[in-house]
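**Student:** So you can see what is in the structure, the chains are spelled out below.
2 protein chains.
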Amino acid sequence: MPDIVETGSGGIDFENWICPMPLRDSPTIVMGHGGGGAMSGELIEHLFLPAFGAAAQAELGDSAIVTVGGVRLAFSTDSFVVKPLTFPGGSIGDLAVNGTVNDLAMAGARPLVLSTAFILEEGTALVRIAEVAAAMGTAALSAGVALVTGDTKVVDAGHGDGVFINTAGIGVLDPGVDIRPELARPGDVVLVSGEIGLHGVAVLSCREGLEFGTTVCSDTAPLHGLVAAMLATGATVHTMRDPTRGGLAASLNEIARAAGVGIALDESTIPIPAGVRDACGLLGLDPLYVANEGKLVAFVPAEDADRVLAAMRAHPLGVRAEIIGRCVAEHPGMVTAHTALGGTRVVDLPAGEQLPRIC
Amino acid sequence: MPDIVETGSGGIDFENWICPMPLRDSPTIVMGHGGGGAMSGELIEHLFLPAFGAAAQAELGDSAIVTVGGVRLAFSTDSFVVKPLTFPGGSIGDLAVNGTVNDLAMAGARPLVLSTAFILEEGTALVRIAEVAAAMGTAALSAGVALVTGDTKVVDAGHGDGVFINTAGIGVLDPGVDIRPELARPGDVVLVSGEIGLHGVAVLSCREGLEFGTTVCSDTAPLHGLVAAMLATGATVHTMRDPTRGGLAASLNEIARAAGVGIALDESTIPIPAGVRDACGLLGLDPLYVANEGKLVAFVPAEDADRVLAAMRAHPLGVRAEIIGRCVAEHPGMVTAHTALGGTRVVDLPAGEQLPRIC
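Residue numbers (this note's numbering), protein chains in the order written: chain E, 1 to 359; chain H, 1 to 359.
Please keep in mind that the hints were generated in silico from the structure rather than gathered at the bench. Incorrect hints may appear among the rest.
A pair holds if it fits inside one copy or across any two, identical chains being indistinguishable in the list.
Calculated cross-link-like contacts (lysine to any residue; reagent style SDA-like; alpha-carbon spacing at most 25 Å) [to be verified]: (1) K83 <-> N16; (2) K83 <-> W17; (3) K83 <-> L285; (4) K83 <-> I12; (5) K83 <-> S142; (6) K83 <-> D278; (7) K83 <-> L282; (8) K83 <-> F14; (9) K83 <-> T214; (10) K83 <-> T28; (11) K83 <-> E15; (12) K83 <-> S205; (13) K83 <-> G123; (14) K83 <-> G281; (15) K83 <-> P273; (16) K83 <-> C206; (17) K83 <-> G209.
Note that the structure is predicted; figures quoted are calculated from it, not measured.
Take these sequences, add in the hints, and give me the full structure.
**Tutor:** Spelled out as structure tokens, the structure:
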């Protein structure tokens, strides 16, 4: 058969494959590999990037910038496996739209179009899928993005979990916009757009049937409007990130490592709502590690911080924005927090995820 | 909490939701909904499109054309759930790259970049994932596309099936290129680029442990080079499609319906290799319904057919190309085949898929 293209192993001997350190301690996938923390990073660095070889461009980050015909595009993808499918404040459908919109927005791009791909488990009620799809439609309209192409696969019962969704998105970058983790620099002020920990606690409370006095609702929301308001001030924004899996701690550690800077937080300034604080206290969780789906952290030069903060607070999604710390030259790659008791603690990159399948 | 955006049901009353006809007979997902045939089409038409509402642009086809800053982009996505992960001639990694490359190529686009998103099942051996990822790297290099952004999620054991992959891709359309199912017209000649049925039979034989004398290998391959060779002739190409799930029958029926034309095949001219013929005979399958992963059908005006055929045969992936039929004004929306016995049969759109989880 002359029309078969040889495909192969890229020269890797899988018969005698030795799992690279540090993955060797865990020769199989564990939940932590999907947590967005250190273990996810190791999987990318030690498995995916070497296996992809020269085909992998850049670092396979949350979004890529691709220039086509002189137009700079942002391109991003996320799969969603949250359990349960609906939770206070939203559903997997909202996350699937807002999550990819936000990955594009964090690069400073205006999101334009999304693809939608479903992996459905045999036996799932059609009404559940209609509910999820309607939430996607509403979220897409609200975010001003079009759903333009899609795919549906079905797996046999017991080999999926109701509904998994992948969205990929394309956004466009206006000339001059350059917002990347690598650009954070000592002296930058660190801002957060609002109260943290809502999404993770909302999903957890729903999943475990826990009650924490008040119902905590997910903060799932599209952030590109807030970003546009920040950029419209004319201020310089070096870096933005939406702290989803692994929470604020994971995002800030990633930025500290990418930029080779230290980050010093003032813990008392981080807005943590009472419901999140109560739930975390009860369960022994740290709110800095709990997922958000409608918040961003931004790194801006000190001289621009006040007007960016004012612009954030004037936007419905940034009303509770705060300055929570600074970028420093000391302890590069490390995040510290000045605690209410007057001490300083290290805010480590989480290994896995305290709450699996949060998005 | 002022920073929560209301997300909702788009006005649909899910408590009293009635499954729309014709889905009402099956209020849950069945394997056929993922088969790429009539049931997949019903799910899109009667569930996804109404639920997405105004957010859905066009028909959510295999790829969308998006114009950004004057540049025409093709955008496509596919999830891959093939079982088993490797089979004669390839693996899920090859399919994940070539499948999306081919969806872009069928719109006449030059594929540029892919995203890669993994849903991994807890307990899956890392070596299996490395093997799949290495196949993706090799396939991407061979197709000349870059893997630029990615995502990894993990689901608990028993809620996935080893490795599911989604790829989305961006390609660019050269000025003047306009290739769509709607453009097929009576008088067009229908060409196929080579022998059909190889991928489906390869996966099936491997899955069921069947032997058919010779090993049938998947034809997984990137088709954009073949497309470029066809377009380089200067010929007009109205429509192209890669006949994956549902085989030649599904692709041709989709085109017949989209363009409102009839398609008349001459069955004796369709290249079917002996291994596929034997396997189909043994299992009672029709080769026209078996999936391909490295073939295309093209609709070209009669006066251009010979030079397109010559260009296809001069390309390694089109050596066995043939003219297999014509587009006719009669029986619009319907595909017929003139059989070896001198009769004519209707080649229906398949309901589901004779071989589930083929890609």
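**Student:** A separate judgement is required for each hint: does it hold in the structure or not?
**Tutor:** Status of the hints after comparison with the structure:
no., hint, result
1, K83 <-> N16, "between (37 Å within a copy, 24 Å between copies)"
2, K83 <-> W17, "between (34 Å within a copy, 23 Å between copies)"
3, K83 <-> L285, "within (19 Å within a copy, 39 Å between copies)"
4, K83 <-> I12, "between (36 Å within a copy, 23 Å between copies)"
5, K83 <-> S142, "within (24 Å within a copy, 38 Å between copies)"
6, K83 <-> D278, "within (22 Å within a copy, 45 Å between copies)"
7, K83 <-> L282, "within (21 Å within a copy, 43 Å between copies)"
8, K83 <-> F14, "between (34 Å within a copy, 20 Å between copies)"
9, K83 <-> T214, "within (21 Å within a copy, 45 Å between copies)"
10, K83 <-> T28, "both (22 Å within a copy, 19 Å between copies)"
11, K83 <-> E15, "between (36 Å within a copy, 21 Å between copies)"
12, K83 <-> S205, "within (11 Å within a copy, 35 Å between copies)"
13, K83 <-> G123, "both (17 Å within a copy, 19 Å between copies)"
14, K83 <-> G281, "within (23 Å within a copy, 44 Å between copies)"
15, K83 <-> P273, "within (23 Å within a copy, 46 Å between copies)"
16, K83 <-> C206, "within (9 Å within a copy, 33 Å between copies)"
17, K83 <-> G209, "within (13 Å within a copy, 36 Å between copies)"
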